[in-house]
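The listed protein sequences derive, respectively, from chains A and B.
For the first sequence, the working numbering gives the first residue as 168, with consecutive numbering after it.
For the second sequence, the working numbering gives the first residue as 168, with consecutive numbering after it.
One or more hints might be untrue.
Remember, identical chains collapse to one label, so a pair may be satisfied in a single copy or spanning two.
Straight line, CA to CA, 27 Å or less: simulated DSS-like cross-link-like pairs of lysine-lysine [to be verified]:
1) LYS203 - LYS396
2) LYS343 - LYS465
3) LYS343 - LYS396
4) LYS343 - LYS268
5) LYS378 - LYS396
6) LYS378 - LYS343
7) LYS378 - LYS465
8) LYS343 - LYS203
Source of the hints: derived by calculation from the structure; they are not laboratory data.
On a predicted model such as this, the values are computed, not experimentally measured, just so you know.
Here is how the chains run, residue by residue.
Number of protein chains: 2
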Amino acid sequence: MTTVAAYAAPAPKAPLECTTIERRAVREFDVLIDIKFAGICHTDLHLVREGWGEAIFPLVPGHEIAGVVSEVGPGVTKYQVGDRVGVGCIVDSYRECDNCKAGQEQHCVRGAVQTYNGIGRDGEPTYGGYATHVVVDENFVVRIPDGLPLDAAAPMLCAGITTYAPLKQWGAGPGKKVAVVGLGGLGHVGVKIAHALGAEVAVLSQSLRKKDDGLKLGADHYYATSDPKTFEEVAGSFDLIVSTASAPLDLSAYLSLLKTGGALVNVGVPEEPITFHPFALIGGNKILAGSMIGGIPKTQELLDFCAEHASARRSSGSPPPRSTRRTSGCWRAMCGTGS
Amino acid sequence: MTTVAAYAAPAPKAPLECTTIERRAVREFDVLIDIKFAGICHTDLHLVREGWGEAIFPLVPGHEIAGVVSEVGPGVTKYQVGDRVGVGCIVDSYRECDNCKAGQEQHCVRGAVQTYNGIGRDGEPTYGGYATHVVVDENFVVRIPDGLPLDAAAPMLCAGITTYAPLKQWGAGPGKKVAVVGLGGLGHVGVKIAHALGAEVAVLSQSLRKKDDGLKLGADHYYATSDPKTFEEVAGSFDLIVSTASAPLDLSAYLSLLKTGGALVNVGVPEEPITFHPFALIGGNKILAGSMIGGIPKTQELLDFCAEHASARRSSGSPPPRSTRRTSGCWRAMCGTGS
């Protein structure tokens with residue numbers, strides 16, 4: 168066991184405080200990561216506030232972790248000391264079910280181990296990335312390519328994969344019209360990825376307050392959903408809508424914005440039930456889907472995609488993809504010195 | 168104009184009565200069909216009762232029409248007098264939009280013309296198949312293959328295509344586990360088609376009352392949804408659920424029966440809104456979709472599929488596929504003699 172510095176919420180709704188936690192000793196297949204950056208995700212708030220139900224306290228949030236390997240177990244083959252790596256929302260799974268075998272470890276039928284607020288396969292509670300170090304099995308660590316700055320990579324490990332997975336699954340790309348609902352932590356990343364995938368991208372936001380940001384991030388269009396005219400103007404026009412809203416939507420109204428056969432994918436999680444009229448799906452063969460983060464292979468694919476795209480931007484003279492720093496909460500782990 | 172005999176509801180919720188209606192004269196691209204059979208669909212009841220909103224009266228129901236061509240317009244190239252043909256839920260569309268061009272005429276953006284309770288492109292109300300004759304543009308008529316009895320073909324034109332389209336779209340076939348919710352007019356046809364497509368088929372019905380029928384129709388399993396154990400026993404086990412229920416379901420419970428990435432397609436239309444918890448879709452990347460009948464090419468594909476399958480059953484010594492007569496309402500048009 169190693170004592171490391173961390174920020175923890177001691178009880179529900181309590182402010183985070185600087186404290187120490189124990190990390191397990193590095194096992195055969197583990198890597199010890201010196202955390203350089205950890206993103207701040209809305210999930211961190213939901214869980215500290217117990218908005219989705221009871222949580223485990225003390226609670227150390229943080230599942231957008233970017234850092235450098237500082238020690239490896241004797242069985243580790245994928246990483247070496249000094250490698251730039253990331254850890255997202257899960258740190259283990261049972262690896263026996265069809266989902267695990269298909270690289271969808273987040274849907275492990277016995278339950279994937281969450282990076283924090285989880286119970287590991289050893290029965291011990293897990294603590295997240297608001298800390299100086301973390302110990303993780305190498306199979307749940309991803310490589311951050313050289314072209315991608317660590318601080319830009321961190322938010323990709325939850326916000327990025329959460330939007331990338333449905334955008335890829337539902338065909339965002341050239342010739343497709345994609346709308347992103349909400350321009351927060353998830354939404355602004357979704358806009359960048361949808362744009363990078365080649366889709367025509369619209370933002371559906373409550374107001375036009377963030378319009379300039381949205382356009383800079385790669386949106387082609389920006390609409391205020393508080394304006395009823397928006398719902399007439401873009402009726403039946405999108406192939407895909409990715410909703411990042413954590414507030415309940417008038418789903419029937421949003422479904423009316425899809426083309427025939429179009430899909431609305433919900434990645435935000437409102438705390439209340441969703442209601443809509445059955446005709447809103449049947450008229451136009453609409454699809455309503457959910458998507459929860461992504462598996463380890465898909466997360467690596469995303470980081471590689473980001474690095475390639477960042478490299479292409481640099482060679483074309485565009486600024487490096489650091490704009491995530493402005494709107495996502497990328498947090499430097501610097502509380503104490505750790506072990 | 169030609170006066171023909173028909174059954175019509177003169178006013179909302181009134182019983183049908185035997186009367187006469189006017190059919191338009193046969194135009195350049197029209198065929199006149201001598202109706203031999205018309206299925207009775209739950210939609211007929213919804214509309215006579217105005218359960219989905221205001222309807223047009225007098226109302227002649229019937230959109231599962233099977234008959235024989237008795238006259239053709241001078242421009243007709245697809246059909247000849249004596250051909251065995253069918254007409255489903257739509258008799259026209261505007262033929263200009265992407266949906267019409269893609270053979271999804273039911274999703275015509277200007278509105279497809281319903282077989283009854285609709286307004287034709289000529290501005291006249293449409294009347295359905297509870298009549299001795301109907302006049303329809305040849306492009307909205309399908310051919311009933313020789314191997315398929317007319318009475319068995321009729322229910323395919325709404326119940327059949329309504330279940331076939333989503334079963335095909337969402338991959339029902341060998342190696343897939345498919346559940347059909349409800350064993351009524353749509354459900355019993357859905358079971359037969361899913362079985363014929365090669366899927367492993369389960370029926371989810373309120374009770375076990377129709378279990379023997381379900382197994383005869385091709386179901387491999389039959390479960391009572393009134394038994395809470397059912398939801399434990401088959402949790403996470405289906406690739407696809409097609410719900411034909413017209414009563415509201417506990418959707419969160421039904422979504423829990425899907426495998427990761429599985430789809431629940433709603434083809435029944437409850438008259439009330441649907442409610443579920445967002446986690447029911449997000450956990451397991453579930454899909455909830457709607458599907459509304461099918462276009463003309465897909466309907467023809469279904470009839471051809473049924474004829475091939477009926478032929479295969481006959482050559483294997485199985486009885487011909489007449490069991491639809493038992494549970495679907497296949498109605499012989501015999502009120503009066505028409506002109």
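A quick look at each hint next to the structure:
no.	hint	result
1	LYS203 - LYS396	neither (46 Å within a copy, 49 Å between copies)
2	LYS343 - LYS465	both (21 Å within a copy, 25 Å between copies)
3	LYS343 - LYS396	within (23 Å within a copy, 44 Å between copies)
4	LYS343 - LYS268	between (31 Å within a copy, 18 Å between copies)
5	LYS378 - LYS396	within (17 Å within a copy, 51 Å between copies)
6	LYS378 - LYS343	within (21 Å within a copy, 46 Å between copies)
7	LYS378 - LYS465	neither (30 Å within a copy, 43 Å between copies)
8	LYS343 - LYS203	neither (37 Å within a copy, 46 Å between copies)
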